[in-house]
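Turn these sequences into a full structure, and let the hints guide you.
Top to bottom, those sequences are chains A and B.
Under my numbering, the first sequence has 387 at position 386, and the numbering climbs by one with no breaks.
Under my numbering, the second sequence has 235 at position 239, and the numbering climbs by one with no breaks.
These are computed hints drawn from the structure, not numbers from a lab.
Each statement offered as a hint is correct.
Here are the computed lysine-lysine pairs in the DSSO-like style, where the Cα-Cα straight-line distance is at most 30 Å:
no., chain 1, residue 1, chain 2, residue 2
1, A, K251, B, K51
2, A, K219, B, K37
3, B, K61, A, K376
4, B, K143, B, K87
5, B, K256, A, K308
6, B, K256, A, K376
7, A, K380, B, K189
8, B, K25, A, K435
9, B, K197, A, K376
10, B, K25, A, K170
11, A, K49, B, K260
12, B, K242, A, K376
13, B, K189, A, K376
14, B, K87, A, K251
15, A, K170, B, K51
16, A, K308, B, K37
17, A, K380, B, K260
18, B, K260, A, K376
19, A, K251, B, K25
20, A, K380, B, K256
Computed from a prediction, not measured in an experiment: that's the story for all the values here.
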Amino acid sequence: MQEYLKQEREQAWRVELRGKIKNKDRGLIERVKMPEMKAMKRVCFQNKEVNLGLDAKSAVRESQRCMDCVNPTCIEGCPVSINIPKFIKNIERGEFADAAKTLKETSALPAVCGRVCPQEKQCEANCFYTLKLKKDPVAIGYLERFAADYERESGQIAVPEVAPKNGIKVAAIGSGPASLSFAGDMIKLGYEVTVFEALHEIGGVLKYGIPEFRLPNKVVDVELQNLEQMGVRFERNFIVGRTASFDDLKDEGYQAFFVASGAGLPRFMNIPGENYNGILSSNEYLTRVNLMNASDDRFDTPVLRGKNVAVIGGGNTAMDSVRTAKRLGAERAMIVYRRSREEMPARVEEVHHAEEEGIEFINLANPIAYDADDKGRVKSMTLQRMELGAPDASGRRRPVVIEGSEYEIPVDVVIVAIGVSPNPLVPSELPELKVSRWGTIEVDAESMQSSMPELFAGGDIVRGGATVILAMGDGRRAAAGMHNYLQGK
Amino acid sequence: MNQIIKVESFSENVVQLVVHAPRIARSRKPGHFIILRIDEKGERIPLTIAAADEKAGTITLVAQKVGVTSKRLCEMKAGDQILDLVGPLGKATHIHKVGTVLACGGGVGVAPLLPIVEGFKKAGNRVITILAARSKDLIILEDEIRKWSDEVIVMTDDGSHGRKGLVTAGAEEIIKREKVDECVAIGPAIMMKFTSLLTLKYGIPTQASLNAIMVDGTGMCGACRVSVGGQTMFTCVDGPEFDASKIDFDELMLRLGGYKAEEKEAFERFMQTVTV
Ligand SMILES: Cc1cc2nc3c(=O)[nH]c(=O)nc-3n(C[C@H](O)[C@H](O)[C@H](O)COP(=O)(O)OP(=O)(O)OC[C@H]3O[C@@H](n4cnc5c(N)ncnc54)[C@H](O)[C@@H]3O)c2cc1C
Ligand SMILES: Cc1cc2nc3c(=O)[nH]c(=O)nc-3n(C[C@H](O)[C@H](O)[C@H](O)COP(=O)(O)OP(=O)(O)OC[C@H]3O[C@@H](n4cnc5c(N)ncnc54)[C@H](O)[C@@H]3O)c2cc1C
Ligand code: SF4
Ligand code: SF4
Ligand code: FES
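Listed below in C-alpha cells is the structure:
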C-alpha cells in the first residue's frame, strides 16, 4: 500500500503539478464554500438538494490547496482508503474523469459518499491542514462529489470490465450500500449475482431513509443502472427467509450468501403514552415521505403534518426527520436531545443546515411521558432537564437527570429517532447462525465470514447503526472473502 | 408484477381475488399475510392469505372496501396487474391438536379465519365456527367454512340470516354446552375485545389476529405496534396473532384511527378524481 502510493506520487504529472504552486501559497488559499439553496427557499421543497455542488473553477481552486503530502494522513481517515491526493490532483490538472476513475478504484458509490460521509470525523479530520496547520481541511468531500457528479452528468460513465461468467450463483440479501458494493465486486469477478430486497425499491436506507434534499434519488439510480448494465439481477419484494428460505435458494443453485439486511428495527423509549397517535419512529416517518412519497398529494400514502413537531435524538436520522417536518409545514420543528449540542452524533453540516432552516434545539432535555386528547392524539410531552456529568465509556459526558426540573411543552407530532437495532429477520430464520448479545451477526473481521461457512455478512447487521462508507467497505471485504472461499472449495 | 387471475364479488363491499404469486403460494402457512401496492402511486396495505393453490401458483385474497386502496383493489378485474406483492408475512398460526376449537369470525375477518379453521380441522380437532356480521349480505365464505367445520352458527345484527344477535351470544351458548379447549377470534377490534372478555371469563385460551396499520410489514417502521401484556410488540413480525387476554384492545382501537383525518382527505380527493 505505502509503496503503491509512493509510486503513484512519483508519476511525472504529479511531480510537475507540485512544482507549479509553492506549498506556502497553497496554504493561503481559503477553503471553498459550498453554494447552497437559501434556507428560506429550500424549506419549501422536500426534494430539492440543499448543496448545489462546486463548479469546475472553484473545484480546481480547492484542489490546489491540497499539498499532495509525502505522508497523506487523510487516507488513514477514510474507511475504504481512497487515494485522496491522486483524485484531487487529477482535478487540479483538469482530468475530472480520471479523478472519478480514481474514486471508483476503491469506492462503489463516490457520489453518495461525497454527500453523506461524516468527513469532519474521517478524511478531513486527518488532513494535514487540520492536524498540523490548524486550518480548515481540504474539502475532500466536496471534491469527491464534484468528480463523481461530473462523471455522471457527462453521461460517460465507464462501465467497468467484467470477467467471463464463471457460472457460480451468489445472493446478496438487502440492497443497501453494503450489498451494492458487494454486488459490483462479485459481478466483476464473473459471478452471477442476485440482490434480494424486501421493499419495492432498491437502495436500502439510501432510498427509504435519507431524504432527497440531502441525497437525490437520481444519484443512487444511476449507480443502480450501472450495476444492472454489468449484469447484477435485482429481485424486489422478496424477503429471504420468508418468500423463500435459504434452503430453497440453495436448491436453486446459490452457493453463497452475503447478508446485509441492515439495522432496521426502530427503538422506542418505553415511556408512558408512547403509543398514542402522532408518536412514530423516524423510520416510519421517513419511509412514508421518502419511499411512499406521502408529502405529494398525488400519492395515496398519508403522513401526519403537525404544528408543533418534536424529534427525539441527535443523530443524522433525527436531523433528517426534523428538517422533513419543517418542509411539511411545521411551525415549530424541534430537536429534543439529552446531551449538549457538541455531543450530537449527526454530521456537522446537517446540524448547521438545520439551524439555518429555523430548527429549534432543545438540548439537555429528555421526554419522560406524553399526554393525549380524548381521541388518543398526543397533545403534550413532559420533558426533564439534564446536566452533563462524568464521561462514560464512549468518552462523552453522561447526561444526568436534574430532579424536579420537569416541564411540559405542546406537541402534535413526535418522531422518535433514538437509534435502531439489527434487523432480526435473517437471524431468526437461521438458528445455527452465531449472533451477539445485541443481535448483530458475528463475522471474521477480515473475510466477513459468519459461523456458517457459506454465509457472509456486513454493514449495519454486523455493526449496528454505522455509516454508508463502512457498509460499503464491508461489502468489498466480503466479496474478496467469498471469492476466496468459493475458489478454495 | 402479479396478475389477477380471477375476481369474485361476495357482496357490494367484499371481493375475492385470486392472484398469481407462485413463491408465496408455496411458502405460506395459515395465519400469514401479504402486503401489496397496486401501482406507483398506491399505498402498501396488508391482506391475509385466505387460501393458496401451490400447483396453480396462486393465492386468494378477500378484501373489504374501507378506504382508497381497498376500494381500488375491489374494482380491479381479472387480467389486471398488481405492481408489488410481498410475503408471506407474520408468524403462522400455532396449529395443533387440542380437542375442541371455537372459531369466531366477524365481517371480513372470516377470510383470514378460513385457513385457520381448515388447519385445525386437518390437525384432528373438533371445530365449531361462528360467523357474524351486520346483515346477510356481509356474511362471506359460508360454504367454504362449512366444509372444514363440524358445526357453524351464523349470527347477524339484524337477524337477516341465521340468528339475530352478536357473536358473543353464539359463543357463550357453545361454551355453556360443551368443553371448549381453545378459541380463535378474528374481526373488528371491538368484536375481538368482547369475545376475548367472554372466553377469559371461562378461562379458555384465545388467540386474536390484529389488523394494525402497517407500512413495510418487516419490523422496520413500528407503525403496527400494539401493547400485549404491557409490552410493545410489532404486529407484522411478532403477530398478527396474540394471546387475546393480554392485548390492549382499547389502545388498538385508538391507533386504528391514527390517520383517520388524512385518510378521509385522501378518499375525498380520490372520489373527486373518479367523478371528474
Ligand atoms: C435517516 C438516516 C440517515 C442516515 N444518514 C447517514 C449519513 O448521513 N451518513 C452515513 O454515512 N450514514 C448515514 N446513515 C446510516 C447508513 O445509511 C447505514 O449505515 C447504511 O445504509 C447501512 O447499509 P446496509 O447496506 O448495512 O443496510 P441498509 O441500507 O439498512 O439496507 C438494508 C436493506 O435490507 C433489506 N432487508 C432486510 N432484511 C431482508 C431480507 N430478509 N430479505 C431481503 N431484504 C432484506 C431492507 O429492506 C433494507 O432495504 C443514515 C441512516 C438513516 C436511517
Ligand atoms: C395482518 C392484517 C391482515 C389483514 N387482512 C385483511 C383481509 O384479509 N381483508 C381485508 O379486507 N382487510 C384486511 N386487513 C385490513 C386492511 O389492511 C385495511 O382494511 C386496509 O389497509 C385499508 O386500506 P384503505 O386504503 O382501503 O383504507 P384507509 O384509507 O387506509 O382507511 C380507511 C378507514 O379504515 C380504517 N383502517 C385503516 N387501516 C385499517 C386497518 N389496518 N384495519 C382496520 N381499519 C383500518 C381507518 O380508520 C380509516 O378510517 C388486514 C390488516 C392486517 C394488519
Ligand atoms: S469515502 Fe468518505 S471518508 Fe473516504 S475520502 Fe470520501 S468522503 Fe472521505
Ligand atoms: S492530508 Fe490534506 S493536504 Fe495532504 S494529501 Fe491529504 S488532503 Fe491533501
Ligand atoms: S408494519 Fe412496519 S414495523 Fe410492522
